[in-house]
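S.K.: The lines below spell out each chain.
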Amino acid sequence: MDFLAPVINGFGVVLEPMNLLYCLIGVVIGMLIGVLPGLGPAATIAILLPLTYGVEPVTAIIMLSGIFYGAQYGGTITSVLLRLPGEASSVVTVFDGFALARQGRAGTALGIAAIGSFFGGTVAIIGLTLLAPVVAGFALDFGPPEYTALAMLGILLVATVSNGSKLKSIIAASLGLLLATVGRDTFTGEARFTFDNLSLADGLDFVPIAMGIFGLGEILYNLEERHNKVQAPAKVANVWPSRKDLKESSGAIGRGSLLGFFLGILPGGGATIASLAAYAMEKKRAKNPERFGRGAVEGVAAPESANNAAATSSFIPLLTLGIPANATMAIIFGALLIQGVTPGPQLVQNDPELFWGVVNSMYIGNILLLIMSIPLVGVFVKILRVRAAILAPITVLITLIGVYTINNSIFDIWLVIVFGLLGYLMKKFGFEPGPLVLAFVLGSLLEENLRRSLLVFGGDAAGFITRPISGILLLVFVVVMLLPLLQKALRKTRATAPAVEALHDEKEKV
Amino acid sequence: MTSASNEARPSGGSVKHAAAGNGTSPAIADELVEPLTPEQLAAEWDEERPPHAGPLANVAAAVAAAALGVAGLVMSVGMGLGSPEKPEPGLWPFIISLVMIAMSVSLLVFGRKRLDAEAFSSSSWQVLAGVATLVGFVLVVGVAGFEIPTLLLTFVWLRFLGKETWRMSVVLSFAVTAAFYLIFVVALSVPIPHLF
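Taken in order, these protein sequences are the chains called W and H.
Anchor point for the first sequence: position 214 equals 214 in my numbering, and the numbering is continuous, going up by one each time.
Counting from 1 along the second sequence, just add 1000 to a position and that's the residue number in my numbering.
In case anyone wonders, no lab produced these hints; they're calculated from the structure.
Incorrect hints may appear among the rest.
To be verified - Simulated restraints, written as ranges between beta carbons of each label pair:
#, chain 1, residue 1, chain 2, residue 2, range
1, H, Phe1120, W, Leu485, 25 to 35 angstroms
2, H, Val1059, W, Ile371, 49 to 59 angstroms
3, H, Phe1110, W, Leu425, 50 to 60 angstroms
4, H, Gly1145, W, Arg385, 29 to 39 angstroms
5, H, His1194, W, Phe138, 33 to 43 angstroms
6, W, Pro6, H, Val1105, 48 to 58 angstroms
7, W, Val379, H, Arg1049, 23 to 33 angstroms
8, H, Trp1125, W, Phe11, 53 to 63 angstroms
9, H, Pro1084, W, Gln346, 21 to 31 angstroms
10, H, Leu1056, W, Pro17, 53 to 63 angstroms
11, W, Met18, H, Arg1049, 41 to 51 angstroms
12, W, Asn350, H, Leu1056, 52 to 62 angstroms
13, H, Trp1166, W, Phe11, 50 to 60 angstroms
14, H, Phe1120, W, Ile394, 25 to 35 angstroms
What the hints assert, rightly or not - Result set (DSS-like, lysine-lysine): computed pairs, CA atoms no more than 27 angstroms apart in a straight line:
#, chain 1, residue 1, chain 2, residue 2
15, H, Lys1163, W, Lys488
16, W, Lys427, H, Lys1163
17, W, Lys284, W, Lys244
18, H, Lys1113, W, Lys492
19, W, Lys427, H, Lys1113
20, H, Lys1163, W, Lys382
As the list claims (entries may be wrong) - To give an idea of the interface, some chain W residues facing chain H are shown, with a C-beta separation under 10 angstroms as derived from the structure:
#, residue
21, Lys168
22, Ile170
23, Leu175
24, Thr188
25, Ile401
26, Tyr404
27, Ile417
28, Lys427
29, Lys492
Glycine included, every Cβ here is placed at the ideal spot set by N, Cα and C.
Excised from the complex, chain W in its bound form (with noise of 0.2 angstroms):
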């Protein structure tokens, strides 16, 4: 029971007011601009970055955590009740949350996702507990090659795993890559792509990039009209669920959070794939799946619990790896860098209290969550009347004032709207902007493990794969590469089904 000491100190650092405190703003902010369409989670850290920085790492990163899962609740209230997703995982939400609407039961909708994002967050946060310091232990032996696979793993999985085209998501974590190589380099001190600009020489901080790519990209993209087209919300009773809804979907909850968690610990997984996941496999399971779409409690309280449960198990590679899961995941990687913690295998040993802080933080967080949710579910039905004209110039000046604030430069504001206008078009021509700020995280990490590799190795590059868990790693790596060909030699010999299709298309559109 030795290993229970630190995770039970860890609430102590939990329950000091003050973080008490910035886990409850986070939580509240998180679920407020969650419900506002158009800004996710990723976009939502973004902005908000700057804000952290006058308080301890720790409670930074439980603001910020608090943050990511109640922005995922967020999207759900919108999928219920106006059918547009917040975020790419609440997509399923919207099939039967939004008939349930209609039939006037948004309430119970919404109560049931209240639900079983808790059930699926707790059982997530107890898988952490138990895994983290189990994985970390395993990774004490990884040395820079296992890093080099693992980088690369984790950026190509998240490229090809993220919803468009795979060939343009590639391109796009190229240039994140490419963008992680300015300033000086790291064994020699030359500099690169500074183009003599002073500004440059130190590189390319993160906090624009991801502010200007996520928050302001999305800002613009938003500007076109797309949006508007609000509708009003369907009226919301009855929000506690009976006990018939209840029983129906307990064991679609619990199935949702089981199969998130595991999906979220893999690299590229996360939520979004979790939430579509759960609803299939709850769909394949019922006696009679044609309910599903019409309103099925069970299609709602399934991909809720998952969705969750991904989020939160897909900090267990970003604390015990230091390699972040996913886009979001990113973001909280920069800000840990940004408050000198480095997330990794020493992350547990060395720095309990940050770690088992963050991670019972979540406990709070969610019974917060659920407490909040259900009750405030007006107050967000209220927020959604604001019209976006009005949201638009407030989150810019947000954005532009708040990149100000951390380093006092107006060259970090030029480079918001550089990134900004970048994100816009990589939006209007079909690229994912996540797997850039991802490969711009994990650059410098890989190039710097793959340059020590090498000389470890005297250049031979063979070595790589002589090592077995690079070698492992290498040969995913190379699985995943090759899988879309063999796909596409599948496809052509079977029809596949048009509904898998269909899903396939939402997650595209989001």
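We have chain W already, so just place chain H on it with the hints.
M.R.: Showing chain H alone in chain W's frame:
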């Protein structure tokens, strides 16, 4: 379905479309009767999707990315590649540039026909106008403080990009500027250039 009979008509007849610019879509209350299947919903979303830009957009994107890759390639050769035993600063950017070029060429060859790019429309000018206001903001903020550019930017976004009323735009832009002043200057003492 317990209370469905009473609750089936959310918001009743008072449903308003906030931006019913086209005026063709019926009020939600009328659509309530038939729930949609995922397939129908997908089809409906498909119709609402903005028009795609056609294959030329992908060609343009591929060419732009390839050009970037070539530039990266040339510059990284200039930095010196070294050898695998003794890698020099240019080696890593060289490898990435190669990947980028390879992927861009593949996009040009295989992905040309994909229709995942969105066409620019007349409202795309709004984005350009929005970016122009941001550029103006940065140019002025260092010289004249943040209050006036904040006021102007909020006003332009509300009145011209957001199509709010004159009154609403004036009142809100003053309110927003005051709020930012109170938060950033008074409460947080952020050293942002300011007039007062």
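S.K.: Take the hints in turn and mark each one as holding or not.
M.R.: Do the hints match the structure? See the list:
1. Phe1120/H to Leu485/W: 25 to 35 angstroms: holds (33 angstroms)
2. Val1059/H to Ile371/W: 49 to 59 angstroms: holds (53 angstroms)
3. Phe1110/H to Leu425/W: 50 to 60 angstroms: Given range 50 to 60 angstroms: violated, Cβ gap about 22 angstroms.
4. Gly1145/H to Arg385/W: 29 to 39 angstroms: holds (34 angstroms)
5. His1194/H to Phe138/W: 33 to 43 angstroms: Once the Cβ atoms are compared, 53 angstroms apart, the range 33 to 43 angstroms for Phe138/W and His1194/H is violated.
6. Pro6/W to Val1105/H: 48 to 58 angstroms: holds (52 angstroms)
7. Val379/W to Arg1049/H: 23 to 33 angstroms: Since Val379/W and Arg1049/H have Cβ atoms about 31 angstroms apart, the given range 23 to 33 angstroms holds.
8. Trp1125/H to Phe11/W: 53 to 63 angstroms: holds (55 angstroms)
9. Pro1084/H to Gln346/W: 21 to 31 angstroms: For Pro1084/H and Gln346/W the Cβ distance comes to about 29 angstroms; the hint holds.
10. Leu1056/H to Pro17/W: 53 to 63 angstroms: holds (59 angstroms)
11. Met18/W to Arg1049/H: 41 to 51 angstroms: holds (46 angstroms)
12. Asn350/W to Leu1056/H: 52 to 62 angstroms: holds (54 angstroms)
13. Trp1166/H to Phe11/W: 50 to 60 angstroms: Because 55 angstroms falls inside the window, the suggested range holds.
14. Phe1120/H to Ile394/W: 25 to 35 angstroms: holds (26 angstroms)
15. Lys1163/H to Lys488/W: Violated - the C-alpha atoms of Lys488/W and Lys1163/H are around 47 angstroms apart, more than 27 angstroms.
16. Lys427/W to Lys1163/H: The given pair, whose Cα atoms are some 24 angstroms apart, holds under the 27 angstroms limit.
17. Lys284/W to Lys244/W: holds (21 angstroms)
18. Lys1113/H to Lys492/W: holds (18 angstroms)
19. Lys427/W to Lys1113/H: The hint holds at about 17 angstroms.
20. Lys1163/H to Lys382/W: holds (21 angstroms)
21. Lys168: holds (7 angstroms)
22. Ile170: Since chain H brings a Cβ to about 5 angstroms from Ile170/W, closer than 10 angstroms, the hint holds.
23. Leu175: holds (7 angstroms)
24. Thr188: Nearest chain H Cβ about 5 angstroms off; hint holds.
25. Ile401: Hint holds; Ile401/W Cβ to chain H Cβ min 6 angstroms, cut 10 angstroms.
26. Tyr404: This interface hint holds because 6 angstroms falls under the 10 angstroms limit.
27. Ile417: At 5 angstroms from the nearest chain H Cβ, Ile417/W passes the 10 angstroms test, so the hint holds.
28. Lys427: Holds - the Cβ of Lys427/W comes within 10 angstroms of chain H, reaching about 8 angstroms at its closest.
29. Lys492: It is violated, given that the least Cβ distance between Lys492/W and chain H is near 15 angstroms, above 10 angstroms.
Of the numbered hints stated above, those contradicted by the structure are hints 3, 5, 15, 29, listed in ascending order.
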